[in-house]
Amino acid sequence: MAAESLLAGIKTTLEHVDAGTEKPAAAVPDESVLEELRAACGAFDMDRVDRAMSQLEMYRYERGGKLVEWLREQVNNMMFEEISGGRWPFV
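Numbering (my numbering), first residue to last: 415 to 505.
Worth flagging that the hints you see were computed from the coordinates, not collected in a lab. Quantities reported herein were computed from a predicted structural model and do not represent experimental measurements. All C-beta atoms in this analysis are idealised placements derived from N, C-alpha and C, irrespective of residue type, glycine included. Keep in mind that a hint or two might mislead.
Unchecked claim - Pair by pair, the computed Cβ-Cβ distance ranges are:
#1 W484 / R462: 12 to 22 Å
#2 A453 / N490: 15 to 25 Å
#3 D444 / G499: 12 to 22 Å
#4 E495 / E418: 31 to 41 Å
#5 E418 / R501: 33 to 43 Å
Whole structure, please, built from the sequences with the hints as guidance.
So this is what it looks like as structure tokens:
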């Protein structure tokens with residue numbers, strides 16, 4: 415119970431921090447960074463994956479934000495095959 419309460423508090427705090435820091439806008443995610451992420455996942459190179467995701471998550475996108483969210487979820491779950499091969503949703 416205490417751990418759940420602590421996690422809920424951390425989540426709320428992070429949401430407030432995120433709300434106070436506006437990301438710069440971009441039309442769509444950078445195609446070269448997406449290709450780098452795909453290659454990094456294919457090579458199971460976590461350093462490159464982290465760098466590419468950091469670059470993608472620096473912006474608020476007019477189109478393609480759902481893709482970046484999906485990519486983050488796949489990375490968090492170590493689903494590199496989902497990223498490196500096949501079609502991505504939201505494209």
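- Index of numbered hints that the structure contradicts, given in increasing order: none
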